[in-house]
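Q: Sequence:
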Amino acid sequence: VIHFMGGGECASKDECDARLEQNLGSSRYWPDSVNFTAAHDDKPDGWWDSYEQSITQDWGLYGWWLLDDSNKTNPDMHGWNHVFMPYCSQDLWSGQQHNPVTPNGKGPAAADEGYVYAGHLIFRAILDALDAE
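In this text, residue positions in the sequence shown follow our numbering: the first is 1460, and each later residue adds one.
Simulated from the structure, these hints should not be mistaken for laboratory data.
Calculated lysine to aspartate or glutamate pairs in the EDC-like style (CA-CA distance at most 20 Å, straight line):
#	residue 1	residue 2
1	K1472	D1571
2	K1565	E1468
3	K1472	E1572
4	K1565	D1473
5	K1565	E1474
6	K1565	D1476
Throw the hints in and build the complete structure from the sequences for me.
A: Here's what the structure looks like:
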């Protein structure tokens, strides 16, 4: 299961700049790790709501339970390999830029004023790393 974290795109300088200060725009804001295995029989009533809320608050994930390796919350795919691909490229996983461009991607930009939309390149690098395993 490969879970692409969503996040949309940014289409203006203000929008792109605002996202640079959060996990949708920079890996600096990612937690060191995330435990997607939530289901345990010894949990008290109501634990699920707070657990789901904490993951959603930290990551904004939808469908994160597909990465859970518990048969209780993910009965169909709990035994599969799971890959979570955090989102930070602002380009719907489609960018192939190596050099900074303007927020709309239509022209070159100075390194300190542009954005590198490299979502597709990130995706390919992850697939290459998985293939090497």
